[in-house]
Structures are given as C-alpha cells and as structure tokens.
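Please model the complete structure; the sequences and the hints are all you need to start from.
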Amino acid sequence: MSHFVDVDALWKVLVAGLLGGAGLAAVYALGLVGLSAYTAEDTGSAARPVGLAVAAACLLIVLVGPVSGSM
Amino acid sequence: MDANTVLLGVVVATALTFDFTNGFHDTANAMATSIATRALPPRVAVALSAMLNFVGAFLSLKVAATIANGIVDSGAITLTVVFAGLVGGLAWNLLTWYFGIPSSSSHALIGGVVGATLIAAGASAVKGAGIVSKVLIPAVLAPVFAIVVATIGTYLVYRITANVPDRVRTRGFRLGQIGSASLVSLAHGTNDAQKTMGVITLALIADHSIGKGDGTPFWVIVACAFVIALGTYIGGWRVIRTLGKGLTEIESPQGFAAEASSAAVIFAASHFGFPLSTTHVCSGSIMGAGVGKRLAEVRWGLAGRMVTAWVCTLPAAALVGAGAWKGADLIGGTSGVAAVFVVAVAFAAGLYLAARRQPVNHANVNDEWTGKLAPAKEPVA
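Chain order of the listed sequences is A and B.
Following the numbering used here, the numbering of the first sequence begins with 17 at its first residue and continues without gaps.
Following the numbering used here, the numbering of the second sequence begins with 289 at its first residue and continues without gaps.
The set of hints was computed from the structure by calculation and includes no laboratory data.
Since we're looking at a predicted model, the values are computed, not measured.
Note that CB positions come from ideal geometry on N, CA and C, so glycine has one too.
Hints may contain errors.
What the hints assert, rightly or not - Pairwise CB distance ranges, derived in the manner of DEER restraints:
#1 A/79 x B/659: 17 to 25 Å
#2 B/636 x A/22: 37 to 45 Å
#3 B/588 x A/77: 44 to 52 Å
#4 A/72 x B/642: 17 to 25 Å
#5 B/642 x A/22: 58 to 66 Å
#6 B/447 x A/73: 15 to 23 Å
This is the structure we're talking about:
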C-alpha cells in the first residue's frame, strides 16, 4: 500500500483540511457570537466592547487564514 | 489547409467543448449550497462563480500536462488518441448532467484517455501504478476527508452559535457562505481549466506545432479560462438542484461549513501535491453538512446513486474513448475523426433536446424536492 500512498502527505492534508475547514468555520461562528453580543439590546455595558473585539479578531483570522495557508 | 491542420482544429475544438461542459457540470460544486440557502440569487451566483473560475485559471500552471504524463506513456499519444479520450470524457459529462448527477470531470477525461490509449497502443502504454496512486486512491479518500471535515465543522458551527439570534446567524452565515463558495470557484478554475490546457498542449506537442519542452501557449490559457467561465455561467442547473436540494435540505450554517470544508480540503490537497476531484470533495462536504447537523436527513439512496456513478465514471468513459478511437481508426484518417465528431455532436444535441422537455433552470432550481430531478410543472392559471 505505502508504495502507492504517501501516508505522510495524507495526514498533512487531513490536518490542514480540519484546521482550515472546520477550524476557521468555528472561528467565524465565534465571531458571530461576538457580533450578536455587540448588537444585542439587553447586554451590560462591558459585554458590548468585548463582543465587538471578539468579532473583529475572529473576522481578521478568517480573512488572513486562507491567504497565509495558501502561501 | 492540409488534413493535419484540420485534425488539430477538430481536437482543439473538442477540447474546448469538454472544458465548457467541465464548467457547467461543476458550477454546482461551488454554488449549489449558496443557491439553495438563497445566500445569492441563482443568476448572480453563477456569474460570480464564472468570474472567479476565469481568474483562477491564470493563477497557476503546475497541473497542466500532468494529466497525461503520469497516467499514460506520452510516446503513445497521437492526435486521434487525444481526440477519442476527449470524446469519452465529453459523453460521460453530458450523460451525467442529463441525469443531474455530480460526477468528476477529471475522472471522465482520464477514463477517456486511458480507454483510447489502451486500444490504440496496448496495456503497456498505460501506467497502472500512476492510475492507482493518482486517481483511484484519491477518489476514495477525497469524499471521506470532506465528510469528516464538514461534519465536524457543521457540528461546531451549530454548537457555537446555538444562542445567537436567528437573524444574525442566518445573515452572518449567508455572507460567510459567499466568501467560502468564492474560494471554491477560484480553486476550481485553477484545477480544472488547467486539465484542458494540458490536453491542448499535449495535442500541440503531438502535432509538432510546439516543442516538447515548450510551455503552454498564452492563447491556450486565455481560451480555456474563457470557455470554462462561459460554461460555469450557463450553469448546470440539473446538477445544482441535485446537490443543493436533493442530497439534503441545507440551511445557511450548513452551507457555510460545507463550502469552508471543500475549499480547505482542495487547497490543502493541491498544496501537498495530492490531486483530488473537486466534485468528490464538494459532494462529500454536503453529505457531511447533513450528518453534522443533528437529525438532519441525508437522502442516502441518492448519495448511493452518486457513488455508483463515480465508480462507473472511469470504465464508462474509457469504453466510449476506446470506441471512439476504434471508430475513427476503422474509417481512417481525418475523415474518421470527422465522422466520430459528427456522431458526438449528434449525441450532445439529442441530450440537449431531451433535457429541454423537462427543463431545470434558474427559475425552478430551488423548488421542493419531490424525489425527481425535474420539478412538477406549475399548472397554468
């Protein structure tokens, strides 16, 4: 089998796929949680800036992630 | 114009036709989920995908020509073999489009070329180990990887946003979906347009129009990029409907997770030099998106039919490729190739007319799935 399959490359593809696919998707979801905390009407004064910061940080990671990954 | 120039012209025309079907067959890969969740209006979705396919085709030239290098002995390649291989791929692409089945255009092309080479030059001209390691094993692994990544991604996305208000969630993921689907379109242009560039380059080398060491001429790159974008824009609505509505009912978080998974797996695979079929990855991702949302239903009967079609792709295209070579060889020369070309055009026209009788288009692509590809016609009031 190993003659036909580069097991090393396979693992890398799976790990990179998980990080980039599931990982970045989860980060984006986290950003939406932050955004909803920022836009919600009944949250306390502290939750709003934290929410915005989380949303901005997550969005940045999601935008930079694919670009850096393809280098 | 001598006979050889005519022959080369027919081969290039056939290659570009294949490129065109490659585009419209695979629009679904990137855009089916965005259309199903209404993140984008259908015609805007195909236009965006077409533009990104065009851009993607210029990004890299690494894959060009590998399609024949690792799979058959390039010494065995004649213009007729290239032509017959293309006809095999084309026929299978059109047939699966008619039945709305997403099947791999790359496998169809490889199958056609292998079939034509087998009958033209014998088994020794086909690189068996190359086919196993570069085609068969990735074909099995690609959907599995995609299912795993998309299942985990979908599960996480739903878990994390469980308390996010519906309004923010739906809008947020629709936007995210547009981004991730755009990446898939870009990757598709990069991967698939190059396959046709490779084939045309091969034909030019076989014809001695360009030397062995020469790169792909610029007009070939532009032509392939343009034709695949045009095909994408026409939109293979039948396949889009199967993937977006048939396989599972998709909500925007699932669509987002599925496209993110497809983009990541395709980019990761091409980065590590592991050729995958875009179609297999995207179909696997959508199945995973169905599995990852608890209690969401995947129509496994349809999934089973898709997998059956994937298994049949290589041998079926090979059979047509071999038949096309034999037919051209029996008649002989340029007129043989021309005769097969006419038969292929008649076959394509027949399928087109048959599809017209139960059309699937941008207007009815999102109708309720009733177990059949073509939605029931609205009674005229």
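Each hint tested on the structure:
Checked against the hint of 17 to 25 Å, the C-beta distance between residue 79 of chain A and residue 659 of chain B comes to roughly 41 Å, which is inconsistent with it. Taking 37 to 45 Å as the suggested C-beta distance range, the pair residue 636 of chain B and residue 22 of chain A conforms, at roughly 39 Å. For the pair residue 588 of chain B and residue 77 of chain A, the beta carbons lie near 35 Å from each other, so the given range of 44 to 52 Å is not met. Distance hint check for residue 72 of chain A and residue 642 of chain B: the Cβ-Cβ separation is about 53 Å, which falls outside the suggested range of 17 to 25 Å.
A C-beta distance of roughly 43 Å is found between residue 642 of chain B and residue 22 of chain A, which places it outside the suggested range of 58 to 66 Å. Range check, residue 447 of chain B to residue 73 of chain A: about 20 Å between beta-carbon atoms, so the 15 to 23 Å window is met.
Checked against the numbered hints listed earlier, the structure breaks hints 1, 3, 4, 5; every other hint is satisfied.
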